[in-house]
Structures are given as structure tokens and as C-alpha cells.
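Protein sequences appear in the order of chains F and Z. Taking my numbering, the leading residue of the first sequence gets 1, the next gets one more, and so forth. Taking my numbering, the leading residue of the second sequence gets 425, the next gets one more, and so forth.
These aren't lab readings, by the way, just hints derived from the structure by calculation. Even for Gly, the Cβ is constructed at its ideal location relative to N, Cα and C. Be aware that a few hints might be false.
Unchecked claim - Covered stretches of chain Z (in silico footprint by chain F; criterion: 3 or more residues with CB under 8 angstroms from a CB of chain F, positions within the stretch not fixed):
| id | stretch |
| --- | --- |
| 1 | 698-706 |
| 2 | 799-811 |
Unchecked claim - In silico DMTMM-like cross-links for lysine to aspartate or glutamate, where the CA-CA straight-line distance does not exceed 25 angstroms:
| id | chain 1 | residue 1 | chain 2 | residue 2 |
| --- | --- | --- | --- | --- |
| 3 | Z | K507 | Z | D697 |
| 4 | F | K220 | Z | D427 |
| 5 | F | K108 | F | D91 |
| 6 | Z | K610 | Z | D427 |
| 7 | Z | K544 | Z | E443 |
| 8 | F | K221 | Z | D427 |
| 9 | F | K221 | Z | D500 |
| 10 | Z | K507 | Z | D659 |
| 11 | F | K236 | Z | E710 |
| 12 | Z | K885 | F | E156 |
| 13 | F | K44 | F | E58 |
| 14 | F | K267 | Z | D694 |
| 15 | Z | K655 | F | E272 |
| 16 | Z | K901 | F | E404 |
| 17 | F | K108 | F | E38 |
| 18 | Z | K671 | Z | E706 |
| 19 | F | K220 | Z | D709 |
| 20 | F | K221 | F | D232 |
| 21 | Z | K873 | F | D102 |
| 22 | F | K367 | F | D301 |
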Amino acid sequence: MRVRELVIIGGGPAGLSAAVEAKKLGVEDVLIIDRESEPGGILKQCIHTGFGLHVFKEELTGPEYAERFIAEAQERGIEIMLDTMVIELTDDRRILAVNSRDGLVELKARAVILAMGCRERTRGAINIPGFRPSGIFTAGTAQYFINIEGYMPGKEVVILGSGDVGLIMARHLTLEGAKVKCVAEIMPYSNGLTRNIVQCLQDFNIPLLLNHTVVNIHGKKRVEGVTIAEVDLNRKPRMETARYVSCDTLLLSVGLIPENELSRMAKVQIDEVTGGPVVDQSMQTTIEGIFACGNVLHVHDVVDLVTIEARVAARGAADFLKQKKKRIRPATVPVIPGEGLRYVLPQRIDLDGALEETQNFFMRSVKPMDRGRLLIQSDRGVVMSKNLKFIRPSEMISIKVKREILQQNNCLKISLCEGSENGD
Amino acid sequence: MTDVVIIGGGVVGCMIARELSRFDLSVVLLEKEEDVASGTSKANSAVIHAGYDAKPGTLKAQLNIRGNALFDKICDELDVPFKRIGSLVVAVKEDDVKELEKLLEQGKANGVSPLKIISKEELFELEPNINSKACAALYAPTAGIINPFELTVALAENAAQNGVTIRFNSPVVDVKACDDGMMMVKTPHETFHSPFVINAAGLFADEISQMAGAEAYTITPRKGEYLIFDKRCSDMINMVIFPTPTKFSKGILVCPTIDGNFFIGPNSNDIEDKHDTGVTSEGIDEIIRGARRLVPGLPLENVITSFAGLRAVSNTNDFIIEASRKVKGFINVGGIQSPGLSSAPAIAEMVIEILQEEGLTLKEKNNFNSRRNRIYPFRELNDEERKKLIRHNPAYGHVICRCETVTEGEIVDAIRRPVGARSLDGIKRRTRAGLGRCQGGFCSPRVIKILSRELGISPLKVTKCGQGSEILKGRTKDFIDSDGDFNES
Ligand SMILES: Cc1cc2nc3c(=O)[nH]c(=O)nc-3n(C[C@H](O)[C@H](O)[C@H](O)COP(=O)(O)OP(=O)(O)OC[C@H]3O[C@@H](n4cnc5c(N)ncnc54)[C@H](O)[C@@H]3O)c2cc1C
Ligand SMILES: Cc1cc2nc3c(=O)[nH]c(=O)nc-3n(C[C@H](O)[C@H](O)[C@H](O)COP(=O)(O)OP(=O)(O)OC[C@H]3O[C@@H](n4cnc5c(N)ncnc54)[C@H](O)[C@@H]3O)c2cc1C
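Bound conformation, chain F alone (with noise of 0.2 angstroms):
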């Protein structure tokens, strides 16, 4: 068995920006492995602009802001395995992959990172009524048919769920020449980015039904409509308000899911919220020597921040290669979330590894709010609080919490309350 030093699962923009920085760290061993034919992970498909605002200061397309990572990562000579699955990862780091070229490939690697990406919710988990024709697809993989292959995978569109991805689809679609009839959000506000509302739907003049969803599949061998209807305050249909929407394609943007099969299988601890493995501040799990990054970690709306925790990442890899002796279990502080936040990420800080002057902690809420009120407390009250305006579960969190406060204290709970300390 071969030992590696530093093995990256997915060469999205995770893997491939943390394998970059790994080499600036001086990591001199860095394999990146990917089952696609080439790298770049979901941004391969995601041809719209709106990536790299903040890591490169331009507006770049998902292959071009991909392109500017595989590129560095050619320059550093870093080795990327396509075409190859990993089917095993264990929690001492040994890896089982396979391909057509070489069959099993077995690796023992020092660190390994985890950048898996995501995955989408589908129909089955969210159990909408009626039949099981064709032309039921979630948004990506509709996404891959027009971008990737070069098809159409409907004429007469009706989207259910408002996340990013479906409302780029929306355009895309329509731009392609489908008609968009609809898309049906059963919450009373959308999942996707304020930008992506504006820009996909109101501009190509798509409804938007808040508080609606879909109550029934038509059509045997091909989706023939759809039936729509309003929900009440518990989500629940009304069915008088039932409605028939004719249409040959129903596409689904009900969330994405953190991939963490291999995580599982490395009895990585994963937190039921985020769907991902649970990290301190350097982003190692709970099992030492495995870090992760990206969407395995959290389901990210904005790239830049993929590729920034993902240095983090890197850079905790590179300190663990580096160390010379094996650490007893580390002393570490929870953080959790509190009243109005659904997850807080980093969720514990390990107190005896490497500490910024300052920490970032990156967070949803529970629901939209115009003002709020983020509040860090301990054992001791309130150590730290901030105003923050427009907030959006769809627009992640995030703040800068300093070290002291982080050393001082031996649990923090982060909450958000709604409105403002001087009520304005």
C-alpha cells in the first residue's frame, strides 16, 4: 500500500483550493482524487457569472473561476487522479479507490481532506404525491443535461422550491427558449439569493408563489401537469386553493445534501443540522488527520467562502503533517447555536491548536429578519454582540470573534434575536 501525505477527496473548488494552498504551506506530497474526466466539480456546469467577487475582485463564470484553481494546480505540480471513485475511506486514513486504468488503487495518507461536495434532495425525501413519470429532474441534473450534454430536458417547466440553483435554471431554461410557468415555494420566503430572485425571475417575469406547492404528479409515462396549492402557517395544503398547471417537465430545488457517505464509513461525527462532520476551527472532524471543506461540510451559496475555508482547511492539514508528536484529545470549547440560528460552524474550538487574533464563525438563521441581534454568550453572560440588517437563511453569516474571548470562556452559545438594541 502506497502512503501518501496529503489526500484530497474532490477536486471541486474545495479540493483544488486547498491543494493549492497546501503546496504554498510547504506540503510537498499533495494527491487530489476525482471520479469526473476532469476537475472543477459542480462550477463544470454552472456557466452563469456571479463567482470569485471576493477572492479574485471579478465577475467570473463557474468553469472560469475552476480554471484559475486546476491552473495553479498544474503550475505547483499537484497530482489529480481523475476518473476515479473512492469507495472506502477508514478513520486511520486508509483509502480504497477504483478506475478503469489502474482497478483498486489502496493508499495509506498522513492527512487526508474531504471536499465531496453535495448532493440533491429528490422527490422520495420530500414524497409528493402522484405518479413517477419521465420528466421529473432536480435542478442540477438538469443543469448537466443543458450545459454538459447539450439537451433539453423539457419545453413546459414548472420549478418547485426556490433554492439558487432552480432559480438559475429558471433563466437558463427560458433563455433556451422553455417556457418557465412557475416556481412554487412552500416556505413563506425564498431559499435562494436575493440577487438570484431579481435577476432570474423578476427580470424574465416568472412567478414566484410563495407559500405553494406541488400536491400532485400527473401523467403516466411523461409529466403531463402538475397540481399546485397554498399552504397554511403549518405548511400544510389547503386544497381548495388546488390548481391544475399543465407542463412536460417538473424540476426540483428542495436543497442539497452534504455527500458524506465516506465521512460515515471514517466514523467521522456529522451534525444533523449542517449534514456535514463536525470541525474545530483548524476544520479537522473529530477523527484526527481528516479535515473537510466545501459543501461536504455545509451546503455554501457563494464560492469565494468555499475556497477560503478550504485554505483553512489546507493549512490545518499542514500544521497536523508537520507535528511531531501524536496530540492527547485535545481540550476544546463548544460552540452552539442558540435562540434563532439553525447551526453555527466551526462547532467546537480546539484550544490547544493553532488560534488567529481573530475567528471566524460562519452561521444561518432560522428565518428572514430586516434587523437582528447576534449575541456570543457564556457560562459568564453576554461576551460579544453585533447588529446585523437583512438577514436571509439563504445568506449565510458571518463574524469575527476575537481569541481572547475564545480562551476565555469554556462554552459559547451564539443566538440571534429579532430587531434591534436601540429600536430604530
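Given the structure of chain F, go ahead and fit chain Z with the ligands onto it with the hints provided.
Leaving out everything else, chain Z with the ligands in the frame of chain F:
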């Protein structure tokens, strides 16, 4: 000349076809859909019942017991996974225990052995997640689970290997007796003449019987809905778990699948439309309520899909397996509701006997091959086997379905074998590609490419389940008006 025409490619029709392929006969099987197991045989509980449910003396009881006993041999010959995991009928209140005793007596009368009532303690030992109110259970170790479409496909393949002609997209539109004592069977493209016709048309057997001018009976579709859970939850239960039955059905069960998932269902509602396999929200609520009585802590967030199947319930409420007294050579195999899957091997035996009684001469072939090998299941092989396989054919190193770890080699094999897959559903049933937690989101574009390449057709012609279910609607830019504007209409 055709000796026997079989109408219907469900488990019953395919089992009969395979049995007939032992003999020197020309046999044709006609199926209206584009694949076998497209009807009830693809959507059921997949339990090989022990045989205590049916009233003693009925065909159901007799054939279930005999059928159950034949499964080990058939599955060994056809290389189809089958596990006798045992079943439990659980009493959740004291009154139910009396019902269990009745079932035990009935089971004994039918010849089910071993069969016994176990105590609360024994039950919790076997099934720790069961409702804490459960007080006893009827335990039948001979009950098994199988993948019913894998079985049906294997039967069809083996029948085809042994010379049976299978025609898809061939709905029988007319059957009649001719003056020469032969029968004529018509599909939109072909006409067959044959002295014997076997009606195994499932839900439509009543219509075929009427078409032929044979005995009248009616078949009412009775819907059963299901929810399937992610493999991640496979340790919830170990056996087939039934509630205490009511007059109408065996009730909503919680049951492992042979592939490592588990499901809840079915409910039982008479409907009118024989095509209505849609899942309803009331139905889903009903099965969740029912299943919770058995296993309260169902991990509902891990449901991966839902489906419904239709039982073909005849007005006699028993199987109808007999030669017509009105139309010579026409044999009805109708009303095959549950336990039709379990009984299928015995049904086929019985049909062979009837054919002999009706004058068909059976001469055994000397080159009958009873064996068929399954597609190499990459995910189940050990590392040495995997290495060997990839060396032999690199396509086995290319993983296409990430959830179920299905390789290109398996998909190509599924297409190229006899009675090969022609659609996404065909691939799904033969290889499991697309049946996992992402439900084809990842692999379907890749499978479409392979189907298109192997069948030499455009991706636009690749279907989910036969004509009319094409997946793609056109090339990009096809729908844009010629003046370059996008379509406003
Ligand atoms: C459709 C869509 C539109 C988006 N639009 C925007 C936008 O406009 N602007 C913006 O800033 N952000 C956008 N995002 C968000 C951003 O692109 C993603 O957050 C980012 O791509 C995630 O990167 P990743 O590397 O974590 O995952 P991915 O890009 O998904 O990469 C994961 C890689 O891992 C590989 N992999 C997974 N499992 C295995 C395995 N077992 N073996 C081998 N390889 C494996 C996969 O093949 C894939 O290449 C969008 C995201 C999506 C899905
Ligand atoms: C909800 C449910 C649960 C069940 N659970 C179990 C169980 O656990 N155990 C068990 O033993 N049994 C069970 N059963 C019963 C079992 O599934 C059936 O008895 C069995 O599948 C019947 O097989 P078949 O071949 O008769 O019918 P089908 O599989 O329906 O096959 C009939 C075929 O005939 C074709 N056909 C129809 N009309 C024409 C025509 N005009 N021309 C050509 N072809 C035609 C159809 O397309 C179909 O493929 C269950 C059934 C249901 C619905």
C-alpha cells in the same frame, strides 16, 4: 407453428415460460410493456410468505406452501438472492393474541412448519425496536424475502436462453378460437396461431378472458402504497413484521428488502382505474400511522422514495387457474393477488399439469440449461474479485451510480444479455443504478449515454420505461424561434 402463447410477462407468465422451456416446444411470451415485471410483479412486498394466511383448502393456501418450498432450488439455479429471514405477526394488545392462536392453527392445517407463538421477551430479543406494547408474536422462520423483479428478469432470461421467444411492446388486442381448433392471438404487429393460450395478464386477465369468449370473472385493482427508507437505517428491523391481520388484509408491515433497505406498507384500497399506480398523500399518512403501531421510532427523514402496486383481486377471492370449459386450449391464470409471488413456482407446475391434461405432449429437451448467472454485483465482491474483474474488463472500474456503486460493466451487461434492458427503469431493475438515495440524479445522464451508445440510438430516444417516456425533449436551442428570440408563447 407456435405450441403455446403466454400473455403477460409478470412473475407468473415468466415462471410458466421457464417451466415450459424444459420441453421441446415452441413458446412465445407476449408482453404489452417494454420489459418484463412492468406490472404488479415490480411493486409488491416481495415476501415469500410462509403460508399461514390463506384459508385451508384454497388454491392460495396449497400453492403458497408448495411455492415457498421451491424457492431455494429456483434461486440457486438462477443465481437470485433469496433469504429466509423469517416473519413475525405481532400482537400489540391482548385481544390480538387470540388471533395469533387462530393463525397458528390455520398455519398448521396448511402444513406450515415450523411455526410457533413467541413471548414478549423472545420478541424483543429478536426485534428491539418493536412497539413496547407488543405482547406476543407468531414466528414463521420459513418466510423469506427476494427481489421480485430480479427474479422475474432471471426467469425470462433463462427461458429465452432455452428458446422461448419474448416479444415486448406487444399488447394482445384480440384472442379467438378459430375453426381449425387453434387459437389466434393478435397484437398490433403480429398474429400468432397456437393450440394453447395462457392468460397471465395480471390486472387485465378478466379482459383477456372476455376477449377470448372464455369464463367471465372480474378483477378489481386494490392499491397498496409504500415508503422506502435509506440503507443507512437497515438495522431498524431484522424480520418481516406484520400486524395482527384484519378481515381485509395482512395489514401494513415493516419489512427489510433483500438489497438492504427497509420499507413500510402496503395499505389496501379498492380503486377503479387499473392504471392508477399513483401515490396519494392520504395513503402515505395511512401507512405511516399503521407502521408506527409496529415500530414507533420510524426514521421518516430517511425516506428515499414512495411507490404503489395494484393487487389483482378476483370476484372469487381465490386464484383462478383452470382450462376454460368454453374455449378449448385457453387457460386462465387470473386473480393472482397475494401470495401470488410466493406461489408462482407452484402455479407454473399446476399450469403444466393442466396443459398435459388438455392434450399437450411434453418431451423433455436434452439441452435444457437450468442455470443462469447474475450480473456481477461489484458492490458485493471482495477486493480480489474486483481486481480480477477490472483486469478482465476495465468497464468494471468505472463507477456510474455512486449511491449503489454500480459500474459501467454491469450496465453494459444488463443491456447485452438476453431480454436485455432497453430503458432507464430496465437498467435500474437489473443493476440498482438509480435506486439509491439520490434516485438517479447523478447516474441517469450517464446511463442515458451508455444506453444510447449500446443501442445505437439518439439520447433523445432513450426512455424511462418505453415509448412515450422519453427523458429529453430536444437539443439546446431547438425551442428558440428562428429569428433568434426566445419563445414567448
Ligand atoms: C448549481 C449550482 C449553482 C451555483 N451557483 C453559484 C454562483 O452563482 N455563485 C457562487 O459563488 N456560488 C455558486 N454555487 C455554489 C458553489 O459553486 C459551490 O458551493 C461549490 O462549487 C462547492 O464546491 P465543492 O468543491 O465543495 O463541491 P463540488 O463542486 O460539488 O465538488 C466536489 C467534487 O468531489 C467529487 N467527488 C465526490 N465524491 C467523490 C468520491 N467518492 N470519489 C471521488 N470524487 C468524488 C465530485 O466529483 C466533485 O468533482 C452554486 C452551486 C451549485 C450546485
Ligand atoms: C401491494 C401488493 C403487495 C403484495 N405483496 C406480496 C407478497 O409479499 N408476497 C407475495 O407472494 N405476493 C404479493 N403480492 C402479489 C404479487 O405481487 C402478485 O401476485 C404477482 O406479482 C402477480 O404476478 P402476475 O404475473 O400475475 O401479474 P403482473 O406482474 O401484473 O403481470 C401481468 C403482465 O401482463 C401484462 N399484460 C396485461 N395485459 C396485457 C395484454 N393485453 N397483452 C400483453 N400483456 C399484457 C402486464 O403488462 C403485466 O406485465 C402483492 C401484490 C400487491 C399489489
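Hint check against the structure, violated hint numbers in rising order:
3, 4, 7, 8, 9, 14, 16 and 20
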